[in-house]
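> Spelled out from the first residue to the last, the chains are:
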Amino acid sequence: MKIDVKINGVQKNIEVKPEETLMRMLRRIGLKSVKCGCDEGNCGVCSVIVDNKIINTCMVPAAHVNGSEIITVEGLGTPSNPHPIQRAFVEAGAVQCGFCTPAFVLSTFALLKKYPDPTLEQIKQGLDGVICRCTGHIKIFDAVTLAARLMKEITCERS
Amino acid sequence: MKDPKTKSINNFDRQKSSLKYVNKNHDKMDAYALACGVPAYTEDLPLENPLYLKILFSPHAHAEIININSAPALAIEGVSHVITHKDVPHTRFTTAGQGFPEPSPYDALILDTKVRFCGDRVAAVLAETPEAAKAGVKALEVTYKLLESVFDPEQAISGFAPVIHDEKDCKYPIDVTYDPSKNLVAEINVEIGDFEGLNKNSDDITVLNRFTTGYTSHCAREPHAASAWIDHQGRIVIRSCTQVPWHIRRLVARALNLSVSRIRVIKPRIGGGFGGKQEMILEDLCAYAALKYNRSVLTVLTRDEVFRSARVRHPMINDLHIISTNKGIIKALKMDLLLNTGAYGGHGLTVASNAGSKTLSLFSGVPDMTFNARAVYTNLPVAGAFRGYGAIQAYFGLGVSLDIIADKLNIDPIEIYLKNGVKEGESPEILKSLGEGGEGCPIQYNSVGLYECIKQGAAEINWYKHHRMYRSPELNKGSLKRGVGMACILQGSGVPDIDMGAVTIKLNEDGSFNLLCGATDLGTGSDTLMAVIAAEILDTPPESFVVTSSDTDVTPFDVGAYASSTTFVTGEACRQAALKMKTKLINEAARIMNYSADELECSNSCIKKIDSINENERVTFADIGTSTLYSSNQHQISVTASNCSPTSPPPFSAQFAEVEVDIETGRVRIVNYVAAVDCGTPINPIQAEGQTEGGVVTAIGQALYEEYHFDSKGRMLNPNFEHYKTPGPKDTPRIKTILVPTWEPDGPFGAKSVSEVVVNGPMPAIANAIYDACGIRLYEAPFTPERVFKALKSKMNIE
Chain U
1 MKIDVKINGV
11 QKNIEVKPEE
21 TLMRMLRRIG
31 LKSVKCGCDE
41 GNCGVCSVIV
51 DNKIINTCMV
61 PAAHVNGSEI
71 ITVEGLGTPS
81 NPHPIQRAFV
91 EAGAVQCGFC
101 TPAFVLSTFA
111 LLKKYPDPTL
121 EQIKQGLDGV
131 ICRCTGHIKI
141 FDAVTLAARL
151 MKEITCERS
Chain L
1 MKDPKTKSIN
11 NFDRQKSSLK
21 YVNKNHDKMD
31 AYALACGVPA
41 YTEDLPLENP
51 LYLKILFSPH
61 AHAEIININS
71 APALAIEGVS
81 HVITHKDVPH
91 TRFTTAGQGF
101 PEPSPYDALI
111 LDTKVRFCGD
121 RVAAVLAETP
131 EAAKAGVKAL
141 EVTYKLLESV
151 FDPEQAISGF
161 APVIHDEKDC
171 KYPIDVTYDP
181 SKNLVAEINV
191 EIGDFEGLNK
201 NSDDITVLNR
211 FTTGYTSHCA
221 REPHAASAWI
231 DHQGRIVIRS
241 CTQVPWHIRR
251 LVARALNLSV
261 SRIRVIKPRI
271 GGGFGGKQEM
281 ILEDLCAYAA
291 LKYNRSVLTV
301 LTRDEVFRSA
311 RVRHPMINDL
321 HIISTNKGII
331 KALKMDLLLN
341 TGAYGGHGLT
351 VASNAGSKTL
361 SLFSGVPDMT
371 FNARAVYTNL
381 PVAGAFRGYG
391 AIQAYFGLGV
401 SLDIIADKLN
411 IDPIEIYLKN
421 GVKEGESPEI
431 LKSLGEGGEG
441 CPIQYNSVGL
451 YECIKQGAAE
461 INWYKHHRMY
471 RSPELNKGSL
481 KRGVGMACIL
491 QGSGVPDIDM
501 GAVTIKLNED
511 GSFNLLCGAT
521 DLGTGSDTLM
531 AVIAAEILDT
541 PPESFVVTSS
551 DTDVTPFDVG
561 AYASSTTFVT
571 GEACRQAALK
581 MKTKLINEAA
591 RIMNYSADEL
601 ECSNSCIKKI
611 DSINENERVT
621 FADIGTSTLY
631 SSNQHQISVT
641 ASNCSPTSPP
651 PFSAQFAEVE
661 VDIETGRVRI
671 VNYVAAVDCG
681 TPINPIQAEG
691 QTEGGVVTAI
701 GQALYEEYHF
711 DSKGRMLNPN
721 FEHYKTPGPK
731 DTPRIKTILV
741 PTWEPDGPFG
751 AKSVSEVVVN
761 GPMPAIANAI
771 YDACGIRLYE
781 APFTPERVFK
791 ALKSKMNIE
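Taken in order, these protein sequences are the chains called U and L.
Position 36, counted from 1, in the first sequence is what my numbering calls 36; the numbers after and before it change by one each time, with no gaps.
Position 78, counted from 1, in the second sequence is what my numbering calls 78; the numbers after and before it change by one each time, with no gaps.
Do not take every clue at face value.
Stretch-level coverage of chain L by chain U, calculated; a stretch enters the list once three of its residues show a Cβ under 8 Å from a Cβ in chain U [unchecked claim]:
1) 220-233
2) 266-272
In silico DMTMM-like links for lysine to aspartate or glutamate, alpha-carbon gap of 25 Å or less [unchecked claim]:
3) L:Lys730 with U:Glu19
4) U:Lys2 with L:Glu131
5) L:Lys713 with L:Asp13
6) L:Lys24 with U:Asp128
7) L:Lys134 with U:Asp117
8) L:Lys736 with U:Asp117
9) L:Lys730 with U:Glu91
10) L:Lys730 with U:Asp4
Derived from the structure by calculation, the hints contain no laboratory data.
None of the values given here were measured: they were computed from a predicted structure.
The C-beta atom is built at its ideal place from N, Cα and C for all residues, glycine as well.
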């Protein structure tokens, strides 16, 4: 079956199998930032933003996103032109093996839309769907706080 | 405490102002790519028309394979081949990623006629799609003859248990104790002095307890993945998430009866390892399939398969007997360990040795020390390398026992470490006899920042205000009890006289360099560290170095990422290579400018006349590169240096935990955690902090809730993240990392290591904090609410 979906701002028409998960579909079309950590909805490294919500793509059939809007980190920025959140993760030392980094970057994106200046508790709550084994999360929390500041600076510059 | 600042701390203070790039924070050089989702891991990278390989893992703990009927699998559309023990070579090998000759028994085959644990390999299916391969595995019909199993290590070694490795051709490549007929993988007996004949005084304090730790998993975010293909020269190329490319190359060569020159191993980015990828888990099977069928092959484990079939931490029983004077001076220490190494023995000997050498060397001057350890086979998942490598388990018992002694004497546990801990300049006696799997290697500890770590850590957590203070009923009302505990620990920096790493640096025409190193970056940032070290020597920014790592065809040798060797061993090779490069650049510049070499210095990516600011009296690295590649005295300026160190200076840490115990539920919450770490000079401090925080949180998980549960038939019951929990963001407590730099004279710019030492502290620190909070001692980890609650009930019954 074919689905219509907007991915990183580009409208696409994609053939999907009924049993194919959104995770597998996104990886199949080249979005390798979407990782498979457990395929059971328990680790969060497959997280992606669908219609402004952060979800575990391994738990969602690809067919279900017909008509939806999806954001992955490939749509946020590139190494030569990173999004402020990606820059914050790098500068705060929050990227070690990097396998969970896309999921945390997107979780941060979703969190900062709701809480542009989050407290530590709000950060922990907002990021709790993804688990990191390398960093112990401390520098990830620092990255979110830095990202909030960088995003605010950009908003101030614009206004 | 008198001033704990040692010579090495003062030496660092003197040196640090001269450092331009070392000991400054740098972005990790691959961080932007990873944050932006650039494909970089094994499963992300393109393969030409691959076959997908899935493995049938044994549902039985101990059985002979009588027959495998492949026909139902081959009948499935898309399934191309089935591989069984009849197809593969029968040369036995070890799967352990260790040096050569391996201190590990050759007890494994690619596919065997017998399975030895639930999760052992039975057969493999190749198919055009992963779905077909999975269906093919399900369709295989296997007839087993069930054998009696043994799961308890004490029973396994009793002489009345089934023999797990009864094959005639399993053997040890080195001369050590190994008796598979008794399920004995390793035995170590070391004695200094005479524990049994010790003169005891009536007021001596004796502590004798059994401590046990269980099965835990690395839980690296990336499941194990490997790919293989045949290149245009007919060679096998393996690309996998391995921590040990050269060991994989050698092990695959042995398994397939090929020479190493036929094989190339490439490590791309790895999604975490922690020791779980210091092992041949998939590469042999993948390589065999690629060679046999001349197709590229990809295989990726599911999380369930990682839990059951990959590697785990050695469960350990530690019978620890310590005798102290009534002033807290340790007179004698006897450690008896029993390690469960599971169905294959790759790391049994070395983990057992390390458990002893990394704990007992915390002391000097203890006249009587006895260390006995045995590692035994059982029909359970296979233990392997895991961050800490035996030390984390053994420190649980040691840290708690020292706290018990302090409590009995009514003195601060810090005093026990001050009185008995090794001092700078000393050489622990035990290391003469106890090495890592082999003979001892005496090491003089030339940088010991432990006591400054204790001082700063204690201040940060307000130790003297809180310790034993919460026992006062006025302060600790209600069902939530608070307490603080601490522990001191050390680890090593590489395996002395064995671990070797090499680095090549070559100059390009734009003044940049290619830096080639075998060292394996598994997210630890070693690529970046090498660039920073070379940058310091050549006075050029780290961005000048294009780092290529871990390709056995292209980069020079390295043992790989384990034993905390990379910064200390390979980092020193990098420093020496950079010094050689500096000499070559100066000599070439001297020739170009018609000076003598001793008139020139290296400064800001140039070679210039010493103290001159005249632009005519210098040439840039780019000038030298362009002329030597294209126009004058043409040659490639390239250097290589290797390093194998005769020493392994330990990093130290003092760690402090503040906990809150809910005595109604047994639930333990970490309120505050302080880790003060002496890793020598932190080459990239933000990275060293990240390693500390990550290690502490992993170890908190292992202390509080991570464990395997098995049924009566040896099957793991919780092979998923829903029932095997690791700490997430909401479980992460406040953690304060304090780096206490020392200048280690044998390390590159004073560096030692950091990644392993940090995991050894949480288990004893938390156990001691729980005692401080509510008066219960825990002897079995993890300290689940159930175990804490039972201990509380037991204490109430006694009272």
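> None of the hints should be skipped; say for each whether it holds.
Here's how the hints hold up against the structure:
1. 220-233: holds (count 4)
2. 266-272: holds (count 4)
3. L:Lys730 with U:Glu19: violated, 33 Å
4. U:Lys2 with L:Glu131: Status holds; Cα separation ~20 Å.
5. L:Lys713 with L:Asp13: Violated, at about 58 Å.
6. L:Lys24 with U:Asp128: Violated: Lys24 (chain L) and Asp128 (chain U) sit about 31 Å apart, past 25 Å.
7. L:Lys134 with U:Asp117: violated, 46 Å
8. L:Lys736 with U:Asp117: Within the cut-off at roughly 23 Å; holds.
9. L:Lys730 with U:Glu91: Holds, at about 23 Å.
10. L:Lys730 with U:Asp4: At roughly 36 Å apart (the allowed maximum being 25 Å), Asp4 (chain U) and Lys730 (chain L) break the hint.
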